[in-house]
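Asker: First residue of the sequence shown? That's 1 in UniProt numbering, and the numbers climb one at a time after it.
No lab work stands behind these hints, which were simulated from the structure alone.
Treat each hint with caution, since some may be false.
To be verified - Result set (DSS-like, lysine-lysine): computed pairs, CA atoms no more than 30 angstroms apart in a straight line: (1) 139 to 123; (2) 73 to 123; (3) 123 to 143.
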Amino acid sequence: MHPIRKKRLTIVLFLLVGVSVAVALTTYALRQNINLFYDPSQIAAGEAPVDVRIRAGGMVEEGTVQRDSESLKVEFKVTDFTSSVLVEYTGILPDLFAEGQGVVAMGRMDGNGRFVADQVLAKHDENYMPPEVNDALEKAAGKRAAMPATAGESSAGY
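Take the sequences, apply the hints, and build the full model.
Answerer: Structure (structure tokens):
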């Protein structure tokens with residue numbers, strides 16, 4: 001092989017290896033930062049992975065907020081009006097956190113079906129709804145509308 005060709009081949013191989021390493025490192029770094037969104041119905045159905053960082057969102061269910069008087073631990077349920085999931089959070093909640101308001105919590109599912117959040121985000125005004133929460137609530141409303149009326153319930157609307 002001619003020395004010039006050998007030198008070109010070496011340069012091309014080094015560039016190829018360098019690009020491959022850069023792509024591999026970028027893919028690895030991005031995979032670490034992905035937080036998939038799950039609504040309470042998906043979590044209740046067991047679709048959410050255990051011990052993997054995810055986002056869960058919905059509305060804070062009325063009457064479910066329980067604060068520990070001796071620590072910053074708070075438990076509440078997040079619902080999409082079809083299913084609900086118990087969320088445990090230790091820390092200071094956002095000022096706009098309230099029952100009946102939309103939230104997105106980031107954390108992990110434990111083995112007992114409880115979502116242990118390390119961050120809770122509340123909506124920032126009365127008209128805003130996080131897109132993931134809005135989509136989940138609309139999907140849940142569609143499921144409720146498709147359900148047949150149970151015996152004893154009147155199908156007439158008042």
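Asker: Now tell me if each hint is right for this structure.
Answerer: Verification of the hints:
With a CA separation close to 19 angstroms, the supplied pair residue 139 and residue 123 stays within the 30 angstroms bound. With a CA separation close to 21 angstroms, the supplied pair residue 73 and residue 123 stays within the 30 angstroms bound. Among the hinted pairs, residue 123 with residue 143 is consistent with the structure: their alpha-carbon atoms are about 24 angstroms apart, no more than 30 angstroms.
The earlier numbered hints are all upheld by this structure, with none contradicted.
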